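Student: Given next are the chains, with one letter for each unit.
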Amino acid sequence: MESVTGAIAFWILAVAIIGCAVLVLTVPNIFHSALFLVGCLGGIAGIYILLNADFLAAVQILIYIGAVAVMLIFGIMLTQDVVKSNVSNHYRIPALGLSGAFLVILLTAIFGTNWQTQSPSTEASTGSIADALFSNYILPFELSSVVLLTAIIGAIVIAKER
Amino acid sequence: MIDFMPNLNHFLTLSAILFTIGLFGALTKRNLIVILMSVEIMLNGINIALVAFANYTIVAISGHVFALFVITVAAAEVAIGLALIIAVFRTRDTIDLRNINLLKW
Chain A
1 MESVTGAIAF WILAVAIIGC AVLVLTVPNI FHSALFLVGC LGGIAGIYIL
51 LNADFLAAVQ ILIYIGAVAV MLIFGIMLTQ DVVKSNVSNH YRIPALGLSG
101 AFLVILLTAI FGTNWQTQSP STEASTGSIA DALFSNYILP FELSSVVLLT
151 AIIGAIVIAK ER
Chain B
1 MIDFMPNLNH FLTLSAILFT IGLFGALTKR NLIVILMSVE IMLNGINIAL
51 VAFANYTIVA ISGHVFALFV ITVAAAEVAI GLALIIAVFR TRDTIDLRNI
101 NLLKW
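As you go down the protein sequences, you meet chains A and B in turn.
Read the first sequence against my numbering and you will find it ends at 162, with the numbers running on by one and no gaps.
Read the second sequence against my numbering and you will find it ends at 105, with the numbers running on by one and no gaps.
Hints were generated in silico from the structure; no laboratory data involved.
Values in this document were obtained by computation on a predicted structure and should not be read as measured data.
Note that beta-carbon positions come from the ideal geometry of N, C-alpha and C, so glycine has one too.
Accuracy of the hints is not assured; some may be wrong.
Stated by the list, open to error - To spell it out: a stretch of chain A is covered by chain B in this simulated footprint if at least three of its residues, at any positions, have a beta carbon under 8 Å from a beta carbon of chain B; those stretches are:
id	segment
1	38–48
2	139–148
Claimed, not checked - Coverage of chain A stretches by chain B, computed from C-beta distances (three or more under 8 Å per stretch; other residues unrestricted):
id	segment
3	20–31
4	51–59
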């Protein structure tokens, strides 16, 4: 990414994504945290556009914001106690220490590795994703459709009134 | 001194921070739906890392395909997770993790 506008967009999106992700865990009303999750996922779609992943940005908006977020809000509506339900257990301090240590390990690995980078190509990725899906990744592609079918039937069976 | 122009390390750092926030939420929250949301945040952090590697290194399109599969499995996971949450709510009348302790010895 060479342009200054791209850099400004990255910093705005990064701050918005991390802010929304923190708010998901801190607001008391879980309906609001679902809305902040939508903001977080939308920001990630913007990050995909910055990374020249146009197809994935569209998929992110369609699947995550369109389907997953609506399904989560649906689940919130079906279970009671919306207003003061985003509560924590008493493992906050150990969990903070554990995830902080994990973040330090990850950052050490990221900044300690000499990545073999090249300058990114700016051509559209949709065609090459289709080529890869129907050549090298044909078996995982077919398997993922079976996974989805199983998940849908399983969800119907589990949620059905007995 | 932080480099203003974003490069691979910036995207990987964003991904690591998102994963850590999701991990913290999954470890500390008591509401099942919020735990599901935290897992979604973790998966999205991983996806950012995959797409960033696809953009900046020579492996090219594989990262995009992997991210696509992660999104597929995440959608299946949310469907199953919510069905389980609704089933638990119907039988136990709560989705608070403290009260779902039937298997706890």
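Student: Mind taking a look at whether chain B covers the segment 20–31 of chain A? Criterion is 3 or more residues with CB to CB distance under 8 Å.
Tutor: Coverage by chain B holds for the segment 20–31 of chain A (5 residues, Cβ < 8 Å).
Student: Taking 8 Å as the C-beta cutoff, is the stated coverage of the segment 38–48 of chain A by chain B satisfied by three or more residues?
Tutor: holds (count 5)
Student: Count the residues of the segment 139–148 of chain A with a beta-carbon closer than 8 Å to any beta-carbon of chain B: does the count reach three?
Tutor: Satisfied; 4 residues make the cut.
Student: Please verify the coverage claim for the segment 51–59 of chain A: does it have three or more residues whose C-beta sits within 8 Å of some C-beta in chain B?
Tutor: Result for this restraint: holds, n = 6.
The earlier numbered hints are all upheld by this structure, with none contradicted.
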